[in-house]
Structures are given as C-alpha cells and as structure tokens.
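Trainee: Chain residues, written in single-letter form:
Number of protein chains: 2
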Amino acid sequence: MADAGAGDKTEEVEVEQQNEEEQTASPKEMRAVILSGFGGLKAVKIMKKPLPTVGKGEVLIRVKACGMNFMDVMVRQGLIDSPPKTPFILGFECAGEVEGVGEGVTDIKVGDRVAALTEYKAWAELTAVPAKYVYPLPEGMNFLDAASMLMNYVVAYILVFDVGNIRSNQSVLVHSAGGGVGQAISQLCKSIQEVTLLGIASKHKHDSIKDSFTRLLDHDVDYVQEVKKLFPDGVDVVLDCLYGDDAKKGYNLLKPLGRYILYGTSSFVTGETKSFFSFAKSWWQVEKVNPMKLFDENHSISGFQLRRLLYQQGAHEYVRGVVIKIFKMWEDGHIKPVIDSTWAFEDVPEAMQKLHDRKNIGKITLDPSMEPKPKLQTKGNKEKDKENKNEQSAGEGTSQEATDAKTEEDDSAAPPSAN
Amino acid sequence: MADAGAGDKTEEVEVEQQNEEEQTASPKEMRAVILSGFGGLKAVKIMKKPLPTVGKGEVLIRVKACGMNFMDVMVRQGLIDSPPKTPFILGFECAGEVEGVGEGVTDIKVGDRVAALTEYKAWAELTAVPAKYVYPLPEGMNFLDAASMLMNYVVAYILVFDVGNIRSNQSVLVHSAGGGVGQAISQLCKSIQEVTLLGIASKHKHDSIKDSFTRLLDHDVDYVQEVKKLFPDGVDVVLDCLYGDDAKKGYNLLKPLGRYILYGTSSFVTGETKSFFSFAKSWWQVEKVNPMKLFDENHSISGFQLRRLLYQQGAHEYVRGVVIKIFKMWEDGHIKPVIDSTWAFEDVPEAMQKLHDRKNIGKITLDPSMEPKPKLQTKGNKEKDKENKNEQSAGEGTSQEATDAKTEEDDSAAPPSAN
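Chains as they are written, first to last, in the UniProt record's numbering: chain A, 1 to 419; chain B, 1 to 419.
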C-alpha cells in the first residue's frame with residue numbers, strides 16, 4: 001500500500017520506555033500533544049513543554065477540554081496548505097479557564113470560562129491565544145460541550161445559513177452525516193421549516209443517527225441512484241467534505257438553482273499516511289467549471305474553509321458573530337452537541353484512528369486531566385507485539401500503534417524525529 | 001466593422017412602401033413584432049398575423065403593455081442558446097386582459113387583468129400563453145407598471161434574496177446600474193438594512209440614478225481600482241450581467257465568503273449584429289474554476305438565467321412564488337417600477353437601439369395601442385436618406401433605420417427574408 005511507509009521506519013528511534021514520574025510535567029512545564037513530523041500515528045507524541053507566556057493581545061487558557069477534527073488527521077499527514085514546521089503542538093479548539101491576559105486585552109479577565117479557536121496549540125494543558133479567537137462561554141455550558149461545539153457548529157452555521165442559504169422546503173444532501181459537522185448541520189436545519197435532509201453515512205451508523213436525517217444513504221452503494229430515485233429533479237444543496245469523485249457526483253445531483261458546497265477534502269486521506277496518488281487523483285478528477293456553465297444550468301459552486309477564513313483572511317469579527325448566535329441557540333435549547341467519546345492526551349493516536357476510520361458518531365473530544373487507558377505493553381514485550389501486529393490487517397493494527405505512542409519519551413529538547 | 005454586414009444586404013427586399021390601411025389588422029388578424037431573421041434592426045418588422053387560438057391549459061391575453069429586455073437584443077442577434085426558427089413573434093413579457101381560457105384553466109377567467117412571462121410571442125396584440133406563466137395583477141396596478149416590473153423584479157428578487165443571499169451590512173457591486181434590473185436590485189436591497197450598493201453605469205446617467213446607489217462608478221474608467229479604494233478587502237456580492245472581461249474583474253473583487261453571480265452575457269453584443277469575434281473573446285477570456293480554488297479562497301460562483309429556469313427547467317411554481325412576493329412588495333409601497341420610455345410597436349427598432357446603447361434609465365416598455373412616431377421618409381426620398389445615412393456614424397444612423405422598419409410590408413404569408 002502506498003501509505004504504509006514513513007511511520008514504520010523510525011519506530012526504533014521513537015519508542016522508548018520511561019518512568020511514570022516523567023509523564024507528569026514539572027511546575028514550569030506542561031503536557032502537550034506534539035506532532036514530531038508529518039506522517040502516521042507514531043508522529044503524535046505526548047511531551048513536556050515549557051509553559052507558554054502570554055503576549056500582547058493574548059489570553060492564557062488553562063485547557064479543560066479539546067475538540068478533535070478531521071483537519072487534525074490531515075495536518076498529521078501534511079495534507080494541508082502551508083503547514084507549520086514540526087515539531088508543533090496539535091489542535092484547533094479548546095475550552096477552559098483564563099489564567100492570564102496580555103496587554104491590551106480588556107474584555108476577558110482571569111477566571112473567565114472561555115472557548116477558543118486556535119491556530120494549532122490547542123491540545124496542551126495551557127495555551128496562549130490571541131483574544132480575537134477567544135469566546136466567553138454562556139452560563140451553564142460545560143467545557144466539554146463548549147469544545148465539542150465550537151468548530152463544528154461554526155462551520156455548520158456558516159454552511160447552512162450563509163453559504164448554503166438553506167430555506168424552507170429545500171432538500172439537502174450531507175456527506176459524513178454521522179460526524180460532528182454532520183450532526184450539527186442536522187440540528188441547525190431543524191430550525192428551518194420542512195427541510196428534507198439526506199445523510200450519507202456508513203451503514204453501521206444508520207441506526208444511531210436515523211432521527212437526525214429524513215433519510216440515510218450508504219456511501220458504499222450507488223447513492224447517486226438513490227438520491228435520483230427520491231429526487232428526480234435533484235436536490236437544492238449538496239454539502240461535500242470529501243471532494244474527489246464525490247464532487248462531480250454532487251454537482252450532477254443539483255436541481256435548478258442548486259448549490260454545491262465544498263467544505264472539506266477528506267478524500268485526500270486514504271491510509272494512515274499521505275498518499276500522493278490519492279491526492280493527485282482527487283485533484284484531477286474534478287472538472288473545472290466555466291461560469292457560463294453555471295449560467296446555463298442555474299447552479300452555484302461554493303468553497304468554505306474556516307481555517308483560511310479565520311487565520312489568513314482575518315474574518316474574526318464575522319466568526320465571533322456566528323459563535324454568539326450558536327451559543328444563543330444552545331441557551332435556547334435548539335442545539336445540543338453530540339459527543340462520541342472523550343480521550344486522554346495519551347490516547348490521541350487511537351482517537352485519531354477512530355476519526356480516520358469514520359467510526360465516530362458525533363464529536364471526539366479530549367480531556368487533559370483524564371487518565372490514559374491501561375498500557376498494553378512495555379519495552380520487554382515489544383518484539384512480540386510487533387509479530388502479532390504483522391498478523392493483523394493494516395486497519396486492525398492501529399489501536400496497538402496508539403498504545404505505542406503513549407510511551408513516548410519527553411524529548412522536547414531533542415531535535416525533531418526523522419519522519 | 002464586423003457587425004455591419006447582414007442587415008444591409010437585404011435592404012432592398014425588405015423595405016417597401018404600403019398603404020396606411022394595410023397597417024391595421026383585419027378582424028381575424030392582429031399586429032405583431034416579428035423577427036424575420038437573426039441580425040440587425042432591419043430584421044424587426046411589424047406584420048399582420050392570424051389571431052392566436054387558445055390551446056389546452058392556455059390563456060389568451062389582449063396585450064395592453066409589453067416589456068423590453070436586453071435579452072431581446074441578444075435574441076435578435078441570434079446570441080442565445082437554441083433560438084427558435086425565424087420568423088417568430090418577439091417578446092418575453094406583457095400585461096393585459098384575459099380574452100379567453102383553454103381547457104383545464106380554472107384559476108383565471110375572461111376579463112382578469114394579468115401579466116405573463118412568455119416564451120417569445122409577447123409583442124403582439126393578442127397572445128396565447130400557458131397558464132403556468134400567467135399572474136393575476138394586484139388591484140390598482142396598471143398594465144404598463146406590470147409589464148415593466150415583471151421580469152426585472154423577478155430576476156432582481158432571485159439575485160438579491162435567493163442566489164445572492166444579500167444580508168445586512170454587506171456590500172454589493174451592480175453592473176448596468178441604470179437599467180431595469182439594476183434599478184430593481186437597488187429598490188429590493190433597500191429592504192435589507194445597511195447594504196452598501198456600488199453601481200456601475202455610464203457617466204451621463206450618474207445624475208439621474210444617484211439616489212438609487214451608495215456610490216456610482218464609471219465602467220469606462222478603472223472601476224476595479226475605485227472599488228479597491230472603497231473596499232480594500234473586496235465586496236460581498238458582484239452581480240454581473242456582462243461576462244467577458246468583467247467576470248474576472250468581478251471575481252477578483254470578492255472579499256472572503258464573497259459571491260460572484262453571472263446573470264447575463266451582454267458583452268457578447270458589440271455592434272448591431274452578432275460578432276463571432278466578441279462572442280469567442282468573451283467566452284475564452286473567462287478562466288475556468290476548480291472547486292478547490294473556491295475552497296482555498298472562500299468564494300462562490302453562481303449563474304442565473306430566468307429563461308432557462310422557467311421554460312426548460314420547469315421552475316414555474318418557484319417563479320410564481322417570487323411574483324407573488326414582488327406584487328406584495330409593490331402593494332406595500334416598497335417598490336415602484338422606473339420606466340424609461342414607452343414605444344409603439346412600429347418604433348421597436350429605435351427602442352431596441354436605445355437599449356443596446358444603454359441609453360435607457362429604467363425599463364423600456366411597449367404599448368400596442370400607441371401611435372408610432374411620425375415617419376421621416378417615403379419610398380421617394382429613400383435614396384437621399386441612404387446618402388445622408390452614409391455620412392453619419394454607425395451609432396447615429398440607428399434612429400433612421402428604426403423608421404425604415406416602420407414601413408415594413410405585411411408579408412406574413414411570404415417566405416422568411418434572407419437575412
């Protein structure tokens with residue numbers, strides 16, 4: 001397989017045993033989830049890092065909960081535009097208590113309960129975030145709910161109301177219906193009268209999410225034919241987070257005045273590590289469109305990418321407005337996050353693999369204070385485990401790899417690993 | 001010039017004098033504006049045609065007013081997809097009194113005052129239209145207002161509220177700001193709080209329409225730089241009815257989450273007749289877009305074409321809903337059509353040239369009962385007039401050509417002319 005290489009080569013260098021004591025950070029250090037190099041699950045490590053200092057305009061947050069997104073998997077594989085240099089602390093969202101504020105920050109004070117959309121650095125015990133990306137929590141919202149809602153509902157809100165402009169009596173096709181964004185889209189669409197929601201999800205999820213969608217379809221059967229049977233004229237909106245093959249299918253399912261919206265490219269991810277083949281395939285199989293074709297067919301094509309909007313395009317005031325609306329909807333009882341599971345930092349690789357395999361229903365969250373799952377191995381039985389692993393299929397081997405990652409040495413002072 | 005050919009060659013065949021009496025239709029005939037062949041203004045003729053019969057599901061309308069649209073100019077030049085065979089009756093909208101209803105028509109009765117979006121055939125004393133394209137008028141709306149509002153406001157409404165999803169505090173760039181659709185967009189946007197409207201129009205119109213727009217720009221100066229000065233981050237929505245060069249400019253003026261909307265291709269029209277060169281140039285200079293680019297840039301591209309939507313894509317129920325909303329807004333005093341001028345059937349060529357030259361401010365309408373302008377010539381002084389015309393510039397010659405067209409013979413039984 002194209003994606004089995006990079007992770008394995010450096011295994012000997014990476015995995016070393018250490019004392020339990022070393023896992024706990026000293027008073028001037030904190031634990032953080034680090035990406036040591038782009039690639040497989042082994043590149044994800046728990047390390048001790050110096051405590052961050054709070055700069056001008058920044059807020060220092062004692063992190064109580066984090067959210068995991070498919071983007072984190074893509075970051076790990078290096079499948080994003082202008083990635084930072086490794087090693088760096090992973091994670092794009094967290095919630096917690098304010099422990100310090102930098103010069104110029106006037107509307108947030110120490111002790112405030114907040115959530116934040118961070119440009120990396122969220123998966124740590126402490127993080128310093130520009131105040132423009134920090135949002136006070138409404139009364140009664142716990143940190144886990146906040147971290148699980150923030151990014152997914154911001155994305156879903158913008159897709160449903162702004163880019164998608166979904167209105168009464170319209171039909172919407174949603175990919176990855178069981179994921180965090182899919183569930184958020186479903187809840188937000190319920191605030192619009194008579195929206196028909198078609199969700200695409202793996203068959204095994206259908207039972208768990210059947211109340212969220214008007215109809216569920218299986219991505220692995222010919223969903224295009226299914227949609228055409230239900231809506232011979234097509235659907236009003238297609239929300240596509242996959243790209244590649246599904247982009248063309250989605251566009252071709254649009255009815256007149258229909259809108260195809262691309263908000264993710266998860267089809268770039270195939271195996272555990274980056275596959276240039278799948279990347280290139282996804283890219284090239286999508287036809288370019290002349291605006292004249294859209295004029296002839298009465299169609300729209302949109303792209304939406306929150307990371308770009310927030311950090312490169314400076315739309316933080318707009319996003320803040322959306323967060324306020326979402327928190328209001330939560331207070332009014334219109335939305336409620338669906339949390340799949342919560343994990344310790346040490347178990348991030350296993351959680352990531354679950355997300356990669358689309359086995360989650362709702363949001364995957366992290367809790368820095370959580371005890372990791374019991375270890376399955378020590379250095380002594382490493383060789384035996386490796387043999388066992390070789391007998392397993394590539395897909396099944398991942399939870400074993402995840403426990404490997406838990407035993408990472410704190411090598412924050414060491415040079416980045418080779419992978 | 002590339003566009004001076006087709007119309008002139010057949011001049012001798014087309015222009016013949018006739019008696020005043022022949023201009024009036026017999027009881028079994030009606031007067032209609034006919035396109036005898038695709039090309040210049042001379043292909044537009046007033047002819048006597050047999051009265052239309054009302055078919056199943058149709059409504060027979062005694063036409064009291066008609067609207068002219070830029071699409072009529074494009075139809076005349078053959079610059080549209082799947083044009084009908086010539087000769088045919090021109091015109092896409094009219095208003096009048098119901099004179100008969102076909103089998104199966106239950107919600108409209110003889111004597112009703114209605115407006116209609118017709119697939120051609122509107123510019124005649126009588127027209128038979130499928131009931132699905134016929135809309136009852138609200139009390140107090142006169143035929144001229146109805147015919148002048150219908151298409152422009154339907155287009156504008158869909159652009160502003162559905163495809164454009166224009167919201168409070170957004171900025172909108174509108175091409176052809178002085179035209180019927182431009183004026184309708186301006187009025188509809190006033191129902192949304194704090195919309196900044198940038199209108200592009202010829203300098204000489206600026207005074208007349210300055211109250212409709214926040215700011216007016218001149219298409220002939222570098223409007224891109226002007227917009228960038230006013231909105232360094234770009235605008236939220238670009239409404240482009242030109243295509244060609246302006247498509248790229250428009251797209252590049254979008255801010256994050258901005259939407260470029262193509263709803264017309266009037267740049268295909270250069271001179272009086274079709275120019276394949278300008279057509280091809282417009283087509284090719286517009287870059288094709290990969291959805292991935294939109295994803296990277298947080299942009300949307302949309303196309304909207306009412307004719308296609310209504311007659312090929314069967315969205316008549318949707319359009320009826322829009323008409324009802326527009327008529328309600330008119331009743332509530334929120335909108336009021338801007339009529340540039342009203343013309344007799346015989347003066348259609350002159351009116352068309354005015355529209356072509358973008359000299360109108362608001363809607364150009366026709367009144368079948370109106371007396372034509374006094375004729376300037378007879379067969380006797382034809383040669384002299386031709387000489388005079390040769391001394392004029394191409395642009396100035398048009399009103400003369402228009403009066404030529406008034407003297408067309410009724411040759412409804414004759415074969416189509418050669419151009």
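Bear in mind the hints are in silico, worked out from the structure with no lab data behind them. All values derive from a computational prediction rather than experimental measurement. Be careful, since some hints might not be right.
What the hints assert, rightly or not - Under the rule of at most 30 Å between Cα atoms (straight-line distance), these lysine-lysine pairs were calculated in the DSBU-like manner:
| hint | chain 1 | residue 1 | chain 2 | residue 2 |
| --- | --- | --- | --- | --- |
| 1 | B | Lys-325 | A | Lys-288 |
| 2 | B | Lys-325 | B | Lys-228 |
| 3 | A | Lys-288 | B | Lys-228 |
| 4 | A | Lys-249 | B | Lys-228 |
| 5 | A | Lys-248 | B | Lys-228 |
| 6 | B | Lys-248 | A | Lys-325 |
| 7 | B | Lys-255 | A | Lys-249 |
| 8 | A | Lys-328 | A | Lys-64 |
| 9 | B | Lys-228 | A | Lys-255 |
| 10 | B | Lys-288 | A | Lys-132 |
| 11 | A | Lys-190 | A | Lys-288 |
| 12 | A | Lys-85 | B | Lys-255 |
| 13 | A | Lys-190 | B | Lys-325 |
| 14 | B | Lys-325 | A | Lys-255 |
| 15 | A | Lys-325 | B | Lys-249 |
| 16 | A | Lys-132 | B | Lys-109 |
| 17 | A | Lys-249 | A | Lys-359 |
| 18 | B | Lys-249 | A | Lys-293 |
Trainee: Confirm or reject each hint.
Mentor: Now for the hints, and whether the structure bears them out:
1. As the CA atoms of Lys-325 of chain B and Lys-288 of chain A are separated by approximately 36 Å, the hinted pair breaks the 30 Å bound.
2. Taking the CA atoms of Lys-325 of chain B and Lys-228 of chain B, the gap is near 35 Å; set against the 30 Å cutoff, the hint is violated.
3. For the proposed pair Lys-288 of chain A and Lys-228 of chain B, the alpha carbon gap of about 28 Å is at most 30 Å, so the pair holds.
4. Between the alpha carbons of Lys-249 of chain A and Lys-228 of chain B the distance comes to roughly 37 Å, so the proposed pair goes past 30 Å and is violated.
5. For a cut-off of 30 Å, the pair hint linking Lys-248 of chain A to Lys-228 of chain B is broken: about 34 Å separates their Cα positions.
6. In summary, the hint linking Lys-248 of chain B to Lys-325 of chain A is not supported, as the alpha carbons are separated by about 34 Å, beyond the 30 Å threshold.
7. Straight-line distance between C-alpha atoms of Lys-255 of chain B and Lys-249 of chain A comes to about 28 Å, which keeps the hinted pair within the 30 Å bound.
8. Between Lys-328 of chain A and Lys-64 of chain A the CA atoms are separated by roughly 22 Å; this keeps the pair inside 30 Å, and the hint holds.
9. With a C-alpha separation of about 35 Å, the suggested pair Lys-228 of chain B and Lys-255 of chain A falls outside the 30 Å cut-off, and the hint is violated.
10. The suggested pairing of Lys-288 of chain B with Lys-132 of chain A is violated, with an alpha-carbon distance near 36 Å, which exceeds 30 Å.
11. Distance restraint check for Lys-190 of chain A and Lys-288 of chain A: the Cα-Cα separation of roughly 34 Å exceeds the 30 Å cut-off, and the hinted pair is therefore not satisfied.
12. Under the criterion of a C-alpha separation no larger than 30 Å, the hint pairing Lys-85 of chain A with Lys-255 of chain B is consistent with the structure, at around 29 Å.
13. Between Lys-190 of chain A and Lys-325 of chain B the CA atoms are separated by roughly 25 Å; this keeps the pair inside 30 Å, and the hint holds.
14. In summary, the hint linking Lys-325 of chain B to Lys-255 of chain A is supported, as the alpha carbons are separated by about 22 Å, within the 30 Å threshold.
15. A distance of roughly 34 Å separates the Cα atoms of Lys-325 of chain A and Lys-249 of chain B; the hinted pair therefore is violated under the 30 Å criterion.
16. Of the supplied pair hints, the one linking Lys-132 of chain A and Lys-109 of chain B is violated, its CA atoms being roughly 62 Å apart against a limit of 30 Å.
17. Taking the CA atoms of Lys-249 of chain A and Lys-359 of chain A, the gap is about 24 Å. The hint holds against a cut of 30 Å.
18. Between Lys-249 of chain B and Lys-293 of chain A the alpha-carbon distance is near 18 Å, which keeps this suggested pair within the 30 Å criterion.
The structure fails hints 1, 2, 4, 5, 6, 9, 10, 11, 15, 16 (numbered hints given earlier, in ascending order).
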